[in-house]
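Enquirer: Residue strings, one per chain:
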Amino acid sequence: MKGFFRRFYIIIVLLFLYVPILTLIVFSFNESRTMAKWGGFSLKWYGELFTDTTILNALFVTLSIAVLAALISTVIGTVAALGINSLGKRAKSMLIGVSYIPMVNADIVTGVSMLLLFILLKVPRGYATMLIAHITFCLPYTTLSVLPRLRGMDEALYEAALDMGATPRQALRKVVLPDIMPGIVTGFILAFTLSFDDFVISFFSTQGVLPNLSIYIYSMAKKGIKPEINALSAIMFVVVITLLIIVNKRSPDVIATRKKVKNRTSTAQYEEQE
Amino acid sequence: MKNKRYALPYVIWALLFIIGPIIITFFYAFGQEHFTLEYMAKAFSGSYFSVFLDSILIALIVTVICLALGYPAAYIVSRMQAGTARLAIILMVLPMWINFLLRTYAWRALLDDNGLINQLLMAVGIPAQQLLYTQGAVIMGLMYDFLPFMILPIYTALQKMDVSLLEASSDLGAGRVKTFTRVIFPLSLPGIISGVVMVFMPALTTFVVTELLGGGKYNMYGDLITEQFLVTSNWNFGSALAVVMFLLMLVSMVVIRRIDKDGEGYLL
Numbered sequence: 468m469k470g471f472f473r474r475f476y477i478i479i480v481l482l483f484l485y486v487p488i489l490t491l492i493v494f495s496f497n498e499s500r501t502m503a504k505w506g507g508f509s510l511k512w513y514g515e516l517f518t519d520t521t522i523l524n525a526l527f528v529t530l531s532i533a534v535l536a537a538l539i540s541t542v543i544g545t546v547a548a549l550g551i552n553s554l555g556k557r558a559k560s561m562l563i564g565v566s567y568i569p570m571v572n573a574d575i576v577t578g579v580s581m582l583l584l585f586i587l588l589k590v591p592r593g594y595a596t597m598l599i600a601h602i603t604f605c606l607p608y609t610t611l612s613v614l615p616r617l618r619g620m621d622e623a624l625y626e627a628a629l630d631m632g633a634t635p636r637q638a639l640r641k642v643v644l645p646d647i648m649p650g651i652v653t654g655f656i657l658a659f660t661l662s663f664d665d666f667v668i669s670f671f672s673t674q675g676v677l678p679n680l681s682i683y684i685y686s687m688a689k690k691g692i693k694p695e696i697n698a699l700s701a702i703m704f705v706v707v708i709t710l711l712i713i714v715n716k717r718s719p720d721v722i723a724t725r726k727k728v729k730n731r732t733s734t735a736q737y738e739e740q741e
Numbered sequence: 677m678k679n680k681r682y683a684l685p686y687v688i689w690a691l692l693f694i695i696g697p698i699i700i701t702f703f704y705a706f707g708q709e710h711f712t713l714e715y716m717a718k719a720f721s722g723s724y725f726s727v728f729l730d731s732i733l734i735a736l737i738v739t740v741i742c743l744a745l746g747y748p749a750a751y752i753v754s755r756m757q758a759g760t761a762r763l764a765i766i767l768m769v770l771p772m773w774i775n776f777l778l779r780t781y782a783w784r785a786l787l788d789d790n791g792l793i794n795q796l797l798m799a800v801g802i803p804a805q806q807l808l809y810t811q812g813a814v815i816m817g818l819m820y821d822f823l824p825f826m827i828l829p830i831y832t833a834l835q836k837m838d839v840s841l842l843e844a845s846s847d848l849g850a851g852r853v854k855t856f857t858r859v860i861f862p863l864s865l866p867g868i869i870s871g872v873v874m875v876f877m878p879a880l881t882t883f884v885v886t887e888l889l890g891g892g893k894y895n896m897y898g899d900l901i902t903e904q905f906l907v908t909s910n911w912n913f914g915s916a917l918a919v920v921m922f923l924l925m926l927v928s929m930v931v932i933r934r935i936d937k938d939g940e941g942y943l944l
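Chains as they are written, first to last, in the numbering used here: chain C, 468 to 741; chain X, 677 to 944.
Calculated from the structure, these hints are not laboratory results.
Every residue, glycine too, gets a C-beta built ideally from N, C-alpha and C.
A few of these clues could be false.
Said to hold, decoys possible - One-sided excerpt, in silico: chain X residues whose CB lies under 10 Å from chain C: (1) 681; (2) 700; (3) 736; (4) 784; (5) 785; (6) 792; (7) 839; (8) 877; (9) 880; (10) 915; (11) 925.
Isolated chain X, as found in the complex (with noise of 0.2 Å):
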């Protein structure tokens, strides 16, 4: 059973095509033959630099919504009949199954200045809002796309806790906002940790969102990387926001793994 050769298709393709594209990568970023750390500056410099605090602060905006949302809703589906929570599950796993840009796109015909919404509001008496278009709608959009990905880590770490906590916490006379705060919020402190990385990352790089629903007003990081690709030829540049993006996502690992020490985790 044990024969190490196995290993060498994988190794060699993981070579090839995860590590090779990488240094690529990183190489385009610092100027090919010529070492220049040009690319790199211009990545930290005047509206390229704003357009990453920008989006970090949309992402971050993003991430909280979610959580403050979707943790709600992973507490009370545990907390549910193993039936029923199997169901809500189910149904909440369900939507990612239909093209994502379809689902962005349909919110466009919902929050057009003719769409269901507005016309929900002017049945009402309020009258028609500018909804598309918005940093609101890129900001929904978001939270849309990405809430499932924060419910279910959060689900499964409640989940898997054990009853009797809880009951020894109440017995050893804590209330229910101490048994919350002392024993079930650290216990899902995993699954928040694995949502957040799971929702702030794709945020932070989405374009397709923005495009749809922000109408191209309010650019994230992936606007900025796919423009550089696609619009002006300038891979040294785009190489250089990729390689930003990716040092963005070691430093986030290397903090998950310091918070989450004991490996309990549901990252790496």
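One chain only, chain C, in its complex shape (with noise of 0.2 Å):
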């Protein structure tokens, strides 16, 4: 019996979470325009969703963005990871707490903030603006993923490997990088997650001037919005939950990993170290 009602709790909480994602995946086989009636099962959304030049262009701006942005951030915060490692206790402590920053300040400060800062310098809102800050709010993620592996490593390899003749270029990327390497990995996923996932950053960045997905979504909220982004959402919903399966399979902890949540709770193991 409590067996029974603990489950049920759970699917109740669940079902909660699901409906309205329900609601936006059973839509888009609708073939009325609008969300308030059900005109029969039509796939005709799918088919216009691929001529849409505006939501094709806002998914490119999207992705290119959050692989560009957690690429350049993976590499700057691996870097970053390397050095810090090498500071002394307040310099580093003062650099992993301005890193908290952009983690824990509210996304709208965040990006007004950067929005004042390209006013200031007078550099025209856009992709460039857009990248900057995804690139910002990714870094603290990145760098920190890769710190905690770094403190793990045992040195004394790295110094067997000088000792072996390897010049320091080659110990780093033949020792090192292999020992970092998940860290790096789980950095650039929870980057690019973060990066996809962004509104109110890239909103207040671009001053709106530039439509990623979540920007174009916001400015057609209000008057409605079209029902291929629904086939959109419908379609990214199915491609998520393949790529989970398929990495669930190979390593579980790349899941746990997943926004802020998690990686919070990363960097306090990380800080209970210290």
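Work from the hints to combine the two standalone chains into their complex.
Expert: If you want it as structure tokens, here you go:
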């Protein structure tokens, strides 16, 4: 009986979380244009999705920014982790403290403060400012994903490599890099998903002039969202589930790193080791 | 392996794009060339201050509801078998992959006068209710968006707990209530704190949910800031409002560090 109630509660919570998503997916097959009425089954929105250049452009902006921001922030973050790991205690904790700012600050504050910077420097708002903003809020996550890996690493291995005649560069590439790779991958995935999901910071750092998916959806939201967007989100949902199943089979940890939520816990574990 | 110079690109980036923008925001908030407290004072006066208090109240309500609903969920999942628990957690994380604007938008279709919920109500003989564009819709929407952020950290804290502690507690004669209040709850506190912060600040500064589900009638602090930057182009005042949120964030960090002394914490 107790078991029944527990399962029942979890099912209710899950139902609550999924009702809106199922609604989106169901209405992506709706013949009629509005989400107010069911007009019969149809696949037409899926067809129109692939001819709608506005949506495809927005999708391109979102995807390309996510890939670039994740790549660049992973490279800078990994190098930074190597550097931070070599610093003295005070400098280290100061840099880590600064890294926390974009993680805990309200998105809107991060967004408007970046906008003010771009206004002051007279940088025209657009793709570049969006990319800079995304790299900035991804950087702490990539850096702090690699850092605990470095700390856990046995430095004697690196010295052994040098003793055996490896140049520092070779030792870094052949010894250190493979060892910290899981942290790098985790950071990359985190950065990608954070960037992919973002609305508020994108919106302010561009003043809305360059629509990525979120900004485009926002601009439509009050008038009513095109059903093509429902079709797109249904496709993305299926893609994500498929990826999750594949990733989950390979390494369960990666899923656990999704979103700030879990990342906060991993940085906390890092703090614990301090 | 040790090379301090590697930190340099990051330091430069952080100075330019993390520290720099914050300094500029303060600069604007205090009147650019001529120092003035005018904008900061305005942020704490009249209708602006009441929006501040209202948003704090709403954000608190959302946080409490999320905690009340999320804690039992996290607890139940933490007591499940490893495989089932993982499935449950994956299922709870999955919705976050769908754009949150879209998820919020879907609620409009559900809460609409002719929406699914009202149709269900009418089917059982209850007259249709005005659900959309109410305070309740805003609270529900925020709760929907942030519930997983409450469940996950609490689950992580509970899951780390050593089960033998519970056995020890009951061996020593504590009842179930006492075991909960004296053992389980204190051990899950870091998770609770983390969850509370991750729900409270985003709820306080939202502007999408209030627009879509509240019809712009129930402003949160985020709406206020957005308005200054996008509608009235009053950057000085907008910056002052942003500074208020920045300071609130700093204060909450200090409080958390104090509560969470041993650095157990899931936060900073």
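Enquirer: Next, verify each hint and record whether it holds.
Expert: Hint-by-hint comparison with the structure:
Interface restraint check for residue 681 of chain X: the shortest CB-CB distance to chain C comes to about 7 Å, inside 10 Å, so the restraint holds. Interface hint status for residue 700 of chain X: upheld, as the beta-carbon distance to the closest one in chain C is roughly 5 Å, under 10 Å. Taken as an interface hint, residue 736 of chain X does not check out: its beta carbon lies about 16 Å from the nearest beta carbon of chain C, beyond 10 Å. Using the Cβ-Cβ criterion of 10 Å, the hint placing residue 784 of chain X at the interface with chain C is satisfied: the shortest such distance is roughly 8 Å.
Using the Cβ-Cβ criterion of 10 Å, the hint placing residue 785 of chain X at the interface with chain C is satisfied: the shortest such distance is roughly 4 Å. A cut of 10 Å between beta carbons decides the hint on residue 792 of chain X: the least distance to chain C is about 7 Å, and the hint holds. Given hint, residue 839 of chain X at the interface with chain C, is violated; its Cβ is 17 Å from that chain's nearest Cβ, farther than 10 Å. For the restraint placing residue 877 of chain X at the interface with chain C, the shortest Cβ-Cβ distance is roughly 5 Å, inside the 10 Å limit, so the hint holds.
Given hint, residue 880 of chain X at the interface with chain C, holds; its Cβ is 7 Å from that chain's nearest Cβ, closer than 10 Å. At its closest, the beta carbon of residue 915 of chain X sits 7 Å from a beta carbon of chain C; the interface hint therefore holds under the 10 Å criterion. At a threshold of 10 Å, the smallest CB-CB gap from residue 925 of chain X to chain C is about 6 Å, leaving the interface hint in force.
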